[in-house]
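Visitor: Given these sequences and hints, build the entire structure.
One line per chain: the protein sequences are A and B, in this order.
Counted from 1, the first sequence has number 221 at position 221 by the UniProt record's numbering; the numbering is strictly sequential.
Counted from 1, the second sequence has number 204 at position 204 by the UniProt record's numbering; the numbering is strictly sequential.
Hints were generated in silico from the structure; no laboratory data involved.
There may be inaccurate statements among the hints.
Within a straight-line C-alpha distance of at most 30 Å, the following computed DSSO-like cross-link-like pairs (lysine-lysine) qualify [unchecked claim]:
{"#": "1", "chain 1": "A", "residue 1": "Lys14", "chain 2": "B", "residue 2": "Lys243"}
{"#": "2", "chain 1": "B", "residue 1": "Lys13", "chain 2": "A", "residue 2": "Lys153"}
{"#": "3", "chain 1": "A", "residue 1": "Lys111", "chain 2": "A", "residue 2": "Lys101"}
{"#": "4", "chain 1": "A", "residue 1": "Lys14", "chain 2": "B", "residue 2": "Lys242"}
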Amino acid sequence: MPHQYPALSPEQKKELSDIAQQIIAPGKGILAADESVGSMAKRLNQIGVENTEENRRLYRQLLFSADERINSCIGGVIFFHETLYQSNDDGTPFVQMIKDKGILVGIKVDKGVVPLAGTNGETTTQGLDGLSERCAQYKKDGADFAKWRCVLKISETTPSELSILENANVLARYASICQQNGIVPIVEPEILPDGEHDLKRCQYITEKVLAAVYKALSDHHVYLEGTLLKPNMVTAGHACPSKYTAEEIAMATVTALRRTVPPAVAGITFLSGGQSEEEASLNLNAINNCPLGRPWALTFSYGRALQASALNAWRGQKDNESAATEEFIKRAEVRKERHHEHSVRRLGQCLRRLLLHGGVPSHYGNLYSCLREREKC
Amino acid sequence: MTHQFTALTPEQKQELSSIAQRVVATGKGILAADESTGTMGKRLEKIHVENTEENRRYFRQLLFTADSTISQCIGGVIFFHETLYQKTDAGVPFPNLVKDKGIVVGIKVDKGTAVLTGTDAETTTQGLDGLGERCAQYKKDGADFAKWRCVLKISDSCPSSLAIAENANVLARYASICQQNGLVPIVEPEILPDGDHSLLRCQYVTEKVLAAVYKALNDHHVYLEGTLLKPNMVTAGQACPKKPSPAEIAMATVTALRRTVPAAVPGICFLSGGQSEEDASLNLNAINQCPLPKPWKLTFSYGRALQASTLSAWAGKPGNLQAAQAAFTERAKV
Chain A
1 MPHQYPALSP
11 EQKKELSDIA
21 QQIIAPGKGI
31 LAADESVGSM
41 AKRLNQIGVE
51 NTEENRRLYR
61 QLLFSADERI
71 NSCIGGVIFF
81 HETLYQSNDD
91 GTPFVQMIKD
101 KGILVGIKVD
111 KGVVPLAGTN
121 GETTTQGLDG
131 LSERCAQYKK
141 DGADFAKWRC
151 VLKISETTPS
161 ELSILENANV
171 LARYASICQQ
181 NGIVPIVEPE
191 ILPDGEHDLK
201 RCQYITEKVL
211 AAVYKALSDH
221 HVYLEGTLLK
231 PNMVTAGHAC
241 PSKYTAEEIA
251 MATVTALRRT
261 VPPAVAGITF
271 LSGGQSEEEA
281 SLNLNAINNC
291 PLGRPWALTF
301 SYGRALQASA
311 LNAWRGQKDN
321 ESAATEEFIK
331 RAEVRKERHH
341 EHSVRRLGQC
351 LRRLLLHGGV
361 PSHYGNLYSC
371 LREREKC
Chain B
1 MTHQFTALTP
11 EQKQELSSIA
21 QRVVATGKGI
31 LAADESTGTM
41 GKRLEKIHVE
51 NTEENRRYFR
61 QLLFTADSTI
71 SQCIGGVIFF
81 HETLYQKTDA
91 GVPFPNLVKD
101 KGIVVGIKVD
111 KGTAVLTGTD
121 AETTTQGLDG
131 LGERCAQYKK
141 DGADFAKWRC
151 VLKISDSCPS
161 SLAIAENANV
171 LARYASICQQ
181 NGLVPIVEPE
191 ILPDGDHSLL
201 RCQYVTEKVL
211 AAVYKALNDH
221 HVYLEGTLLK
231 PNMVTAGQAC
241 PKKPSPAEIA
251 MATVTALRRT
261 VPAAVPGICF
271 LSGGQSEEDA
281 SLNLNAINQC
291 PLPKPWKLTF
301 SYGRALQAST
311 LSAWAGKPGN
321 LQAAQAAFTE
331 RAKV
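Guide: Here you go:
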C-alpha cells in the first residue's frame, strides 16, 4: 500500500499521454466503427442488406475512403477485430488507410456482457482472459488505443452496489493491462437511457458510477493522463414524460463530470447512446458552451450518430458508394465545426483563468516540456 | 444507492458555495489561528511567555486588530473554541471584529487524534459526537466554515489501508454534518513530512489518500462545491538527503491534485506543515506558476508560517505590539 512499484516507466507514460492527446486534439473526435457482427446485423437489416463479411468490408471501406477532409475532425477510429485485418478493394489494409490520414487506430477488446447472478438483469463485461497477449498483438498490428464497454441501467432497483463495483473493477483491470502494452484505454461505463427516470436521477447515478470508476482506476494504479473516458451524457430516460433542453442536459452533464473526473484525464469522448445525429450534435455543442469550468477536452465518440445517414445513402448499392461516403464526411465536419470554435474559446478561457490565479500564462512550448517533466511523476 | 434523497436544498447549496468562494476569493488565503491550548503552550514557551488564557487572548487580539489591509489577503480565519468567545480590550467579540473586516470566521471542530489499535501508531480523529448540535451553535455564534484535521504518516508500513479508509470516512462524516448546519467543511488529510522518504513516495501516498478521501465524500453525498481541501504539499521527508526545488515540489503537488481532486472543489488551501515562512511562500508561488492546468483556486491556510515572526516580534511585551502587527501584515502580504 505505501510503496510504489512503478507500473509504467517515464517513456511508457509519455507514449500513452501523447497518444491520448493526439486522439482528442482540438476539433477532433472518434469514429466508433467497432460494431460487432451481431450489431452490424441490426444495422444492415435496417437498410435491407445481408450481413456477410464482404458486405461489412464494403461498408467500412466506404467510411474509410473518405477524403482528407475528415483528417481534421477525426482523431481516432475504433475497429472491431475482424475489420482490423480487412483491406480495401486495392488490397490496402484498412489500418494503413486510416494511419495514412494521420488518424489513430483503436480496437474494441471486450467480449461482450455477461449476467451478474442474483441481480435484476444486470451485467458485467468479459474479456480479461489473455487480454495482455491480445493487446501486445494488436499493438504490433497497428492499434494505439482500445475500447471496453460496460453497461449499467437505471430502474427502481438498479444499478446495484455490486454492479457498480464490479463494472468499475473490470474497467480498471482492462485499463491497467492496456497501458502495460502501450495501448491507451478508453474507459466506457455506459448508463443506458432506457427507462422513465428524470434528468436529476440520471445525474445522481452518473456521479456515483464515475466516482467508483475513478476510485478503482486509482486502486489499480492506472495512469490517468494516458486514458480517455467515454461516458453517457446525462439525460432523462427515453420514456420520461419531462423533456429537457440541450442546455439542461449540458449543465447536468458537466456538473456530474466536474464532481468526479479528475482534471488529469486527457479527454472525455461522449457516446451517442441512441440519440439521433441531430440531438447528439446539439447536445455536444451545448456541453462545450456550458459556462462551468471544464478542465478536459470534451468531444465525441460516435457510431450511429456519424453513420446513420451514410448507411441510408448506401443501402448496399455500389453506385451509392461515393454519395454515402460524402454523407459521412458531412456529419463528421458538422461535428468538427461546432467543436472547433469552442475549442478556441476554451483555450482563451484557460489563459484567462491562469492570469486570474496569478500564475504566469505559459505558451504551449512551455506546457509540453512541462508535460515531459510530469511523466516522471 | 440508486435513489437520491436530497441532502441539501438548492438554497443551502447556494449558501455553502458562496461561503467557499468568499474564503478563497482571488488573492486571499486562510489564517489558521486555531492552535489548541496545548499547542499554544509550545508556541508561547518558545518566546518565554506563560500559557495563560489572557496571554492567548492578547496574542489573538494582536493578530485580529492588525491593519485592515490584511482583508485583501485573508479570506478566512480559523478559530479555536476558546477564542471564538473572547473579546478585545474594548469588549468587541473576536468573531465580530474579524467579520467587520469582511473576513469569514471558521472554527476548528475536531477533538484531536485517537490511536488506531493494531496499527503502527497510526491515528484517526475524534469529535463526531454531538457534532451536529455543536455546528448549529457555532453557526449562530458567527462561524461559516469549519476545520477538521486528520493525520497520516509515511514509513515502511504506513499509511496502512485501515488508516487511509478510516480517516477518509471520518472526514466525510464531519463534512456531511457541517453542511447540514450551513458550515463549509475544510477537509484536511495531512500527511506528515516526518521521515526520509523521497518526493515521489510522498506523491504516491498523497494520491492514494486523496483518492480515498474523494470517494468517501462522494459516498457520503457531500456537496463538493461547498467544501475546501487543506492538503499537505508534496515534499520529500524532512530527513530525506535529497532536497527538491520549489519547482519540483510544485510539479509533484499539482500532478497529484490533478489526478485526484475533482474540478468541482472550489479551492485548495495548503497547510504549511512545519515549513519555514520562507519555504511555504516560495513553494506556494511555484505551485501557482506551474504550467499544468489547475481548475481550483490554490492558496494557503497557514498557522506557523504566518505567525512565527509575529510571535518573535511580540515576545510577550505589550510595547512590541506595533512591531509584531507589522510583522504579521508583512507575512500575510507575501
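Visitor: Decide, hint by hint, whether the structure agrees.
Guide: For each hint, the structure was consulted:
For the given pair, lysine 14 of chain A sits about 25 Å from lysine 243 of chain B by alpha-carbon distance, which is consistent with the 30 Å threshold. Simply put, lysine 13 of chain B and lysine 153 of chain A have alpha-carbon atoms about 28 Å apart, close enough for the 30 Å limit, and the pair holds. Between the alpha carbons of lysine 111 of chain A and lysine 101 of chain A the distance comes to roughly 29 Å, so the proposed pair stays at or under 30 Å and holds. Among the hinted pairs, lysine 14 of chain A with lysine 242 of chain B is consistent with the structure: their alpha-carbon atoms are about 25 Å apart, no more than 30 Å.
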